[in-house]
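Protein sequence lines, in the order shown, are assigned to chains Y and L.
Using this note's numbering, read the first sequence as starting at 1 and increasing by one per residue.
Using this note's numbering, read the second sequence as starting at 1 and increasing by one per residue.
Hints in this document: simulated from the structure, not taken from any laboratory.
Each hint should be verified, as a subset may be incorrect.
To be verified - Short, incomplete list of chain Y residues facing chain L, as computed with Cβ under 10 Å:
{"#": "1", "residue": "A12"}
{"#": "2", "residue": "L47"}
{"#": "3", "residue": "D64"}
{"#": "4", "residue": "D132"}
As the list claims (entries may be wrong) - Simulated coverage check for chain Y against chain L, where a stretch passes if three residues somewhere in it have a Cβ under 8 Å from a Cβ of chain L:
{"#": "5", "region": "16-28"}
{"#": "6", "region": "82-96"}
Yeah, the Cβ is synthetic: ideal placement off N, Cα and C, and Gly gets one too.
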Amino acid sequence: MPEPCGRTFDEALLSGYVDRALVQREGQRVRLHLESCAACRATVEDLRAMREAAMSSTFETPRDEEWSETPHTEAGRLLVGLGWPLVTAWAVLVGGYALWGSWQETDNLLERLMLLGGVTGFAMLFVGVLLDRLKAAKTDHYREVHR
Amino acid sequence: MVDSPAPPLVAGDAGSERHLIDRAKAGEPAACDALARRCRRGAYLLALQMLGNRDDAMDVTQDAMLRFFSTLNSFDAARRVQPWLFTIVRNQVRDLWRQRQRRPADAVGESDVLVGQLVAPQPSPEADLHRQELRRRIWRALATLTADKREIIVLRDYHDLSYSDIAEVLGIPVGTVMSRLHGARRRLRARIEEEGGRHA
Chain Y
1 MPEPCGRTFD
11 EALLSGYVDR
21 ALVQREGQRV
31 RLHLESCAAC
41 RATVEDLRAM
51 REAAMSSTFE
61 TPRDEEWSET
71 PHTEAGRLLV
81 GLGWPLVTAW
91 AVLVGGYALW
101 GSWQETDNLL
111 ERLMLLGGVT
121 GFAMLFVGVL
131 LDRLKAAKTD
141 HYREVHR
Chain L
1 MVDSPAPPLV
11 AGDAGSERHL
21 IDRAKAGEPA
31 ACDALARRCR
41 RGAYLLALQM
51 LGNRDDAMDV
61 TQDAMLRFFS
71 TLNSFDAARR
81 VQPWLFTIVR
91 NQVRDLWRQR
101 QRRPADAVGE
111 SDVLVGQLVA
121 PQPSPEADLH
131 RQELRRRIWR
141 ALATLTADKR
151 EIIVLRDYHD
161 LSYSDIAEVL
171 GIPVGTVMSR
181 LHGARRRLRA
191 RIEEEGGRHA
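So that you can see chain Y by itself, here it is in the shape it has in the complex (with noise of 0.2 Å):
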């Protein structure tokens, strides 16, 4: 049934006009009918300013720094996953060395203290920390996503 302005097609036709997404036929249809129609004329004008206002629209995004991780492949992930563990144990193997031989080097008693005092407190930083990075795994949504 045609509308008041003579239409004789759907309205939602001039959005796929606007869009060029109509086949020829229908194209040439609307066209026909916006030579004649200056209301569909006026809404065809519209849909297109407000169109180009949203294409041409730009926002602020954050700086590369504010993401603070990078997402890594599987691949990724498992050579660091065992990276770590192989670091960690040949630092603590070499650590523990060269403590061993100070410890025999000397029999000072000082300088036994001293070497005993630094060995604890780094322990108790390391297991500090390590403590405070298990309970945030539990809870972190990113934990999957590596620097």
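With chain Y held as given, fit chain L onto it using these hints.
Then chain L, alone, in the frame of chain Y:
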């Protein structure tokens, strides 16, 4: 940082997009980084335009990127990345709304906050200022639409997705896109006119 509107998700043709995906799947770090950088930007803008809130948009983008990379190996390289990524973002946005029992239409009072996300106009001729004012009015009016109307306008008019890509993201038949889009645009136009009347 200011971004220009709607550049392609992955620069170049479909072949180069597929090549980048293949390299990322093979675990090449440079390809992963390039893909993450490019996808993240489009995902963030979509989330921002759906949610209107920078912090929420960043959270949704992080979650969407996590899902994107965790499913990369099962992604069919013959498909295009953008509709797939946008589907993930859209689902994350809807999950967030569901958690908060909130829709964009409830955020009317925050429309001034939304407008703050638009980049301020540079000194320019009168025609440009008029267009910038229209951008603000559209953005403000968009915040008052329902989720269904808002998302289809965002996908078409802000991200320039084709009707078939929109159908894929929204999970609706291609034939439905035009009528739904037109209904949303009519509503948006009416809201802009109402707002114009209030400010006159």
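Status of each hint after checking the structure:
1. Checking A12/Y against chain L: minimum C-beta separation of about 4 Å stays under 10 Å; hint holds.
2. For L47/Y, the interface hint holds, since its Cβ comes within 10 Å of a Cβ in chain L; the closest pair sits about 6 Å apart.
3. Because the closest C-beta pair between D64/Y and chain L is about 7 Å apart, less than 10 Å, the hint holds.
4. Of the supplied interface hints, the one on D132/Y is violated, with its beta-carbon coming no nearer than about 21 Å to a beta-carbon of chain L, more than 10 Å.
5. Three residues within the 8 Å Cβ limit are the bar, and the region 16-28 of chain Y against chain L gives 3, so the coverage statement holds.
6. With 0 residues bearing a CB less than 8 Å from a CB of chain L, the region 82-96 of chain Y misses the requirement of three and the coverage assertion fails.
In summary, the structure is inconsistent with hints 4, 6 from the numbered list given earlier, while agreeing with the others.
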